[in-house]
Each structure stands twice: as structure tokens, then as C-alpha cells.
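From first to last, the protein sequence lines stand for chains A and B.
Mapped onto the working numbering, the consecutive letters of the first sequence carry residue numbers 1 to 181.
Mapped onto the working numbering, the consecutive letters of the second sequence carry residue numbers 1 to 126.
Hints are computed from structural coordinates only; laboratory data are not their basis.
Any given hint might turn out to be false.
For lysine-lysine, the following BS3-like pairs were computed, each having C-alpha atoms within a straight-line distance of at most 27 Å [said to hold, decoys possible]:
id, chain 1, residue 1, chain 2, residue 2
1, B, Lys48, A, Lys139
2, A, Lys92, B, Lys80
3, A, Lys93, A, Lys176
4, A, Lys124, B, Lys86
5, B, Lys48, A, Lys128
6, A, Lys132, B, Lys21
7, B, Lys54, A, Lys132
8, A, Lys156, A, Lys90
9, A, Lys108, A, Lys156
10, A, Lys176, A, Lys74
11, A, Lys40, B, Lys120
12, B, Lys86, A, Lys132
13, A, Lys139, B, Lys27
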Amino acid sequence: MNLDTNQLYVEAHEADVFFAFEGEISSERINVILEEIETKTEAMRIELRLRKKVYNIMVECLQNLYHHSDEVPKTMADRLGKSYGVVVLKRKKNTFMLTVGNFVSIDKVKSLSEKIEKLNSLSKEELKEMYKFILNYQKLSPKGGGGLGLIDIARKSGHKLSYQFSQFDDMYSFYKLDIVI
Amino acid sequence: MDTLLIEGTQKTPTVRFDASKGLVEIKGRSIPENSIEFYKPLVEWLEKYAVEAKNQTQVNIQLEYFNTSSSKCILDVFKKLEAIHKANSGVTINWFYDQDDEDMLEAGQDYESIIRVPFKMMEVEG
């Protein structure tokens, strides 16, 4: 298919954009983004509870991109560089909508979809129990990812996660996750 | 034994572990990309402290933010404290949270239900 990441970026960019970024997610980049989010949410006097949710979910999403984003398909690497992520945060009154996108290899699509479907099927209490179980019984991966990121995002969001995979070629898919905060 | 002092940064908390006072404090933010590295000396310090623990150990955890990668490491710290508590030394964990920050309160309650050490939920007025 003909995936136009720029179009995706522009579409997500249309209205009420609070923050938007596309490009390589490095540790330093994460610092810069988080600082901007913090400064903006404080300046706009967003209530503390919501401000912290937004910040926390941003941290998890950015670090997910940092740890798990797969390399950019070769045919796109000229334009996008070696690693690529899209982050768009929009605001509508007292609700934020966060969209994150990145390339994943096709063999991860099934397990990732199943994981999100599973989380979406759980109640608040079940998500809490699942979080505690994984926290207590599963080891940290060498990358430092705890396997807890998505569950934490689902818990703090309090809404169902919506996602989309757009197949790019026979090796890669573009993964987009929408989170209501 | 030496006091463990670590200055906080944008992504890591301020740490003060003082054996002579029986005081264990972690304050600030804990959102590093790789938390294992940061928490390793904390866990090692507690292993040594366990041998000469005070009758009472006060633990103050006052985090503004922590990521899921840190959450496992914080649990490791608590498990060391649980072992000290089990060995007949009293440990109390004071979990501080901002008045309006339900997520942080809930995170404390998650730990409280896993770790067999008395927790005190300490509300801080914003």
C-alpha cells in the first residue's frame, strides 16, 4: 500500500493541537518533549490530576517508542531516518487525545492486537489485578521495559484504547494507537 | 555504614539512605529509560543495611512521577525492606501523594497489597 506518514501527521495535526512531534525518539528528545508538555499544561492551568495523567501517559508512550519501535523500512529511510515516531497530543476542553505511531515488523501485529484487545476487554478492577500480577511476577526485560506500559496507559486513561495497523510492505506495518485521557 | 546520597535529576529521584538514623528516602521523579542501572546501588545498600538494621526504619517515598520501568525496581526496594521487617526490625513505609493525585494514591495501595510491611498513606496538600 501507499502509506503517507506525512498525511497521517497532517491529518492528526488539524484541530486543537496541543503538541506534535515526528522524528527520531532519543533519550534527549524525550526530555525536551516532556519539559514542553509540563510547561504548557502548567501554563494553561490544567488541573493537577489531568496534568499528571497526561504526563505519565506521555512518558510511557515515548519510552515505548524508544524501546520498541522497529527500524524504518529501507524504502522510507531516506526521508525518515533510521527510527521514526509520531506523537500528537490534542485537547478538547477537559479531554486530551494522544496519538502515537511507529513502524513495527509484521510478525508483531498479531500479538500486539491481541494484547490491546485483551486490555480493552478488562474492567478497571481486572486491569489493576493484571498490573499487580505482572509487577510482582514478571522480570524486567533487558531493555528495561516491564511489560507494564500498555496496562498502565489503559489504567490511567480509563478509556478503551483504539489502534490501527496499516500494512506498509511485506515486512512492516505502521502501528497507530489512540488514547483518550 | 556510609550514607547513600544521590542528587535528583530531571528523570531520577533524590535518594537519602541513612543507616545511623534508620532513614530511607526517595523523592522526586523516577522516569529513566533504564531504571535497573539507577536502582542497583539502592538495592545493594539495603542488603548491607539488613545486617545492622535499626529497631525502627522510616521509609519516605515521595514521588511526583514514576514510570513502569521504575515500578518494578521500587518493588525490589520494598522487597528488601520486607525482609528487614520480617527479621523483627520494624519498618514503616510512608507513601506521600498529592491531594488530587488519585493515581499516585492507587499506586501506593497496589504496593501495600503486595508487600507485607505497614504502609501509611500521607496526603500532601497541593
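Outcome of the hint check:
1. B:Lys48 x A:Lys139: Satisfied, since the Cα-Cα distance of roughly 23 Å is no more than 27 Å.
2. A:Lys92 x B:Lys80: violated, 45 Å
3. A:Lys93 x A:Lys176: holds, 23 Å
4. A:Lys124 x B:Lys86: Violated, at roughly 32 Å.
5. B:Lys48 x A:Lys128: Violated - the C-alpha atoms of Lys128 of chain A and Lys48 of chain B are around 33 Å apart, more than 27 Å.
6. A:Lys132 x B:Lys21: Given that 27 Å is the threshold and the Cα spacing comes to 32 Å, the pair is violated.
7. B:Lys54 x A:Lys132: violated, 30 Å
8. A:Lys156 x A:Lys90: holds, 17 Å
9. A:Lys108 x A:Lys156: Distance of about 24 Å is within 27 Å: holds.
10. A:Lys176 x A:Lys74: The given pair, whose Cα atoms are some 20 Å apart, holds under the 27 Å limit.
11. A:Lys40 x B:Lys120: Roughly 33 Å separates the two Cα atoms, so the pair is violated.
12. B:Lys86 x A:Lys132: Holds, at roughly 22 Å.
13. A:Lys139 x B:Lys27: holds, 24 Å
In summary, the structure is inconsistent with hints 2, 4, 5, 6, 7 and 11 from the numbered list given earlier, while agreeing with the others.
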